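Novice: Model the placement of chain P on the given structure of chain Z, informed by the hints.
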Amino acid sequence: MGSIALIAPELVVLATAVLVLFADVFARGRERAAAWIGVAGLVAAAALALFGGRGTVALFGGQLAVDGMALFARVATTLLAAVFLLWVAGAGLKRGSVREFSSLVLFATLGGMLMVSARDWVVLLLALETATMPAYVLMGFDRKDDRSLEGAMKYFLLSMVASLLFLYGMSFVIGMSGTTLLAKSHLEPGPAGLIAAVFVCAGLLAKLSAAPFQWWSPDAYAGAPAASVAFVSAVPKITGVVAFARVVQYLAPQAEGLWIVLVVGAIASMLVGNLAAYPQQDLRRLMAYSGVAHVGYLLVGLAAGARPIAGATAAGAHAGLTAAVFYSLAYAVPSMAVMLVAAEEGDRLDDFKGLASRRPAAAWLLVLFIVSLVGIPPLAGFAGKFYLFGAAIGSGLTWLALIAVLMSVVSAGFYFRIIHAMFFAEPVKTASAAAPGRPAALALAACALAVLAIGIAASPLLAALGFALP
Amino acid sequence: MSNLLTWITFLPLIGAVVVSVLPKGRPQYAKWVAAAFAAVDLGLTGWLIAGFDRARGGAMQFAVDVPWVPQAAIRYHLGVDGISITMLALAALLGLLAVVGSWKVTDRPKTYFVMLLLLQVGMNGVFMALDFVLFYVFWELVLVPMFFLIGMWGGARREYASIKFFIYTLAGSVFMLVGILALYLAPNSGTFDMLALAKLGQAGVFRDIEGWVFLLFFLGFAVKVPIWPLHTWLPDAHVEAPTAASVLLAGILLKMGAYGFIRISLPILPHAARAWAPWIALLAVISIIYGAAVAFAQTDLKKLVAYSSVSHMGFVMLGIAAMNPEGLNGAVAAMFSHGVVTGMLFFIVGMVYERTHTRQIADLSGLSAAAPVTGGLLAFASFASLGLPGLSGFVGEFLSLLGAWRASTGTSPLFWSGLVVIAAVGVLFAAAYMLWMVLRVVLGRPSEAVRSVTDASGREIGVLLPLIALTLIVGIWWGSLLGFVDPAVKALLAATGAA
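From first to last, the protein sequence lines are chains Z and P.
Residue 346 is where the first sequence starts when you use the numbering used here, and the numbers rise one by one after that.
Residue 834 is where the second sequence starts when you use the numbering used here, and the numbers rise one by one after that.
Think of the hints as simulated: they come from the structure by calculation, not from any bench.
Among the hints, a few may not be true.
SDA-like mimics (lysine to any residue), calculated; alpha carbons at most 20 Å apart, straight line [as the list claims (entries may be wrong)]:
{"no.": "1", "chain 1": "P", "residue 1": "Lys-857", "chain 2": "Z", "residue 2": "Ser-702"}
{"no.": "2", "chain 1": "P", "residue 1": "Lys-857", "chain 2": "Z", "residue 2": "Ala-706"}
{"no.": "3", "chain 1": "P", "residue 1": "Lys-857", "chain 2": "Z", "residue 2": "Leu-794"}
{"no.": "4", "chain 1": "P", "residue 1": "Lys-997", "chain 2": "Z", "residue 2": "Gly-758"}
{"no.": "5", "chain 1": "P", "residue 1": "Lys-997", "chain 2": "Z", "residue 2": "Ala-770"}
{"no.": "6", "chain 1": "P", "residue 1": "Lys-997", "chain 2": "Z", "residue 2": "His-765"}
{"no.": "7", "chain 1": "P", "residue 1": "Lys-997", "chain 2": "Z", "residue 2": "Pro-705"}
Values in this document were obtained by computation on a predicted structure and should not be read as measured data.
Just chain P, same shape as in the assembly:
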């Protein structure tokens, strides 16, 4: 039982090794083996959730802590609290769905599924790591498989998009590496343990270096989130990536950045976080408006979804910058919901593209007439994305805005309430561009491209069903998600003295 986290993390690695040694002549085995490993991994995660004590959601549970490199005090330290278990569940679920959603990949399938499984190792590990070096290892581990997924199975501009993704995110994270070392080498520190560092940070040990270390971490996390103006890799990568990779990019990799802010920047550098919070909130609101405005102008369906991510992640960052329970609960809920809903959108866009070989909105009108199920699914996902009350998207955005509003009772009321007003306009924008897209794609007279499409297959509906269910459950019963998140958020804020 105590090794459960290790198993969840490295089971996909075993899967990757098994897939890579499968006999050459039978490429179709690869997807079955990959799916089996991903399914067992999800099963283990389910078992973890069942055993998780929600009342103690603020504490790290199932912890493993053994020395790794004693010469540098690096430890193999894993653990989950309510925030990480939420993200882990999302990663394990989307990981399995990505495998099943790639059932029709026939181009070098072995390599493809090995890459998906390797990606899963990094995604799982990053949300459990409590040692900073271990965290960095998992953080960087996702780069290489994602690079190959985009570069080998991507669209027309895949080479450019893959290298841009790699260099951009690598550039961000190496700054973080310097920050990690600076924290360790600060006087009276000498640890990479994130929990110990948080205690030291709250005691003010890093006062002298806090400002610039926060900036280094900001660069690492903000590129990943991404926050405007560091977002330019995202549209290229998301659009060129194959469907499953787009799902995981949007669903999990972006969350890693936001998770970094929550798990690292806030608790370890609380004073700097408070000082920088208004600026982050400002950038978040710019991201909301900018992402929405650019999404409006897109003629490519996948690009529209990609830019909507920039906008949605802006809400996440706004909630984090608020630094109060409402804001952080909202941020985590928005992260979860965005993972589920955008995953759904990318899957549907992939289904449509597979059948029509176009993603141009103008060429896709009348989808529901030709393929009612697909059209209905797209409409549902779009409603969830625009934040319709009763669906999951609403929870996060509402709480984030509430948190930001609450922050306006603090030092600079005018600034924060102004931000909330502008962000609320962003919600309106989201409704507008999404509904306009639904209007043009789902409704209307079937175009040449969609006239003869087949409707969603059983497998495709099966992939989307869990996501639809989660959208509804979280949207209607907020406590199903926040029951995990809230205790962790409260514990985190109480420790930083901000609650």
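Pulled out of the complex, with its shape left as it was, chain Z reads as follows:
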């Protein structure tokens, strides 16, 4: 019974996904009903995950287990996906069927939920694929648009390469340890073990679109519908980071020097992301590079978690990993919200010109999200960066934290181009395309509330993660 209770949220999401897929059977003619069913299922799943507690799912021989990180990530992703579908229910889609779209979102969420609970290499890989497979379709959802298909194709190809890198490294690890259980991973000392760990991490870096594997994401995002980008660019990052943190947790103590790979990834991502975002005129490309930059910050935390330091406690390493997971949420909420507004208003920066006079409420909410992404207190982005850099300095990576804070200042420059467009520039068009429905406004308000709450009342979230600043 305990096992069932632990995986009940996954079962609910799975059932909802299937139900949504066939929604036109019982809700004929009401396209958006599917999204509402999705919202209900996801909220129920979130509640079950929240109160279902932690433990090992005995049913699958310990291949699934729920710890603090998994609990946090399951609740966070289901709620975020629910908010996303709430927006879809209100605003609808420009092209394509809401029913298929919602179902894909649910399947992707399911994959993410399994990913964070996975305690076995094979389950981890399967969950990773379950989570990304629907994303390919979401990115190419605009079937009639060549650019959307091109973007989806690029995403698909690189994602496959990433999976293969991961699989290759994983096969080494399994071979060395003689078991597929994560906790029993054993790396041979010396280069072989390190190579295995580096391959695994390279695969995950590419999945998260970290530099130097970032080049697919701007092209893929720029072709895709903005609504798809809102989901794909933000929500799966949470679960991806948890998986990454878990891999680091098990492999880093045995792979000396792995932290250097993560540090290089962090620096490269922060530099490439923040600098390449400057000239972008398409908001999807801008947010793609911003996403690369934020993955860079996340990697600062993972690097801190991977770095062995003399006299360090397990708690110290744990701080880096949990801070990265916390940051992934602090990034995902405002980032998704910005893209949702883009899905309403238009993809180009020019479409935002004069938004402050057209839709002042939306413009001020966007200010809140952008300011949070820059990292101004007391919002989510600040809290996230604070704990992240705290963990980094605690692991002796003060210089890396200095680079990261400087890059946050650099990021203010391109984020403020959005604010500039909304408030200071002359409007290009005079009216918004169509007033999005009330549920869409509610979804944005929920995001704003979350950005405030994560920043001001971080304590319960950190407690759930087991974070403690050393």
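Specialist: Frame of chain Z, contents of chain P only:
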């Protein structure tokens, strides 16, 4: 009563929320609601001052201390001593005057007053926060409203000035953030409590990291003060900002930087502070001379006032660097006086600009002939600014110089006495550029632009009256201000072992 500080801090936030939900059709309500909240806030601050025990001015009073984020030992810790209560009073007063002084803002008034009230939250909080993270939150909180105030209601180059202000000060403060974390993570530390950190710092816990952490804090504070050569955002921001924002920028935001040195750098990193003091004093004197010299060359009245701020804040920093009771008393007195006097100057410049649509000194001659009250007020504020004895500006500058002179009895007498001599020349400069400005603007034959101006209205005089009164009271009765400041300064220095 124990929640008084919380109320003072967050009442403007409630005000901002109320203003933002006011009905759309009645924009004129916004200023009344904003003024009401700012007035109650000032009233509460007055009540706080009445209840403040000056004899125990060195201790933190009215403290609130509850856990905020226990996982990182962050606390919600507020308290005031004689130094912070002085700054808080200034912030609450200028906050209200800024609202009343913006009575004629008709462009998006709701948003404007929401921004002013949000700004007030940060300004109040920063002078009360005793937890370092909380301090940082308030410190950064002022950036966003100020950005919009400059960017949406500013002058011709407002977009450039607002983003420059934002990026510059943000860049400075993120260094401070790293410093805050470094102090927490230092061995045997593990606290963000500023009072506890000061005790640890004085015990030498931060000896190994003190030097570079001091540098990180220096970058954060020095940009805000601003100290030459980190001042370049100031002329742009001050000149482009709308009047009320200029008043608050000069009156309060610059003080935050100096307050940071006094509340944080000196007590928490006393050894590094002593080691760096001569360099800070040198930069302070350069700021004094540089600001004065550049003010001389200005043809724009507002720019002249802006650069005079650089010069005046140099005196503040010189007093702080002296690290003795005279110097620190002088620094706080100069901070207070500069807030009052420069606030007054910016208000008057705003009044003049509103009527003549020019700030060019050359176009404004003969102001007192056309508008005797305005001209007289400008002359009075200018005298206060140049440090005329009997007015508030003199107290701070005199004590700062005295403090620096006293410091010359220490290790490097020649260096310090040399600085005092150069700084004294700066006083002379200030007199010169101010008097020359008065000569050209207030006196003379009325120019085309000022010939038909109306004189100051009752509301405008009402805004300036409290500032004039404070200038006189503090200038004549030093104890009215120093009675609060002195015990706090002595306690602070005694703890650092420098008194």
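Novice: Is it true that the CA of P/Lys-857 sits at most 20 Å from the CA of Z/Ser-702?
Specialist: 13 Å, holds
Novice: For the pair supplied as a hint, P/Lys-857 and Z/Leu-794, is the alpha-carbon distance within the 20 Å limit?
Specialist: It is violated: about 23 Å lies between the C-alpha atoms, which goes past 20 Å.
Novice: Is the hinted pair P/Lys-997 and Z/Gly-758 satisfied, with a Cα-Cα distance of at most 20 Å?
Specialist: Roughly 10 Å separates the two Cα atoms, so the pair holds.
Novice: Are the Cα positions of P/Lys-997 and Z/His-765 separated by 20 Å at most?
Specialist: Holds, because 13 Å separates the two Cα atoms, which is no more than 20 Å.
Novice: Below or equal to 20 Å on CA atoms is what counts here, so check P/Lys-997 against Z/Pro-705.
Specialist: 24 Å, violated
Novice: Within a Cα-Cα threshold of 20 Å, do P/Lys-997 and Z/Ala-770 meet the stated pairing?
Specialist: Holds, at roughly 17 Å.
Novice: Between the alpha carbons of P/Lys-857 and Z/Ala-706, is the straight-line distance 20 Å or under?
Specialist: Distance ~13 Å between P/Lys-857 and Z/Ala-706 Cα, so the pair holds.
Going down the numbered hints, you'll see the structure goes against 3 and 7, while the others check out.
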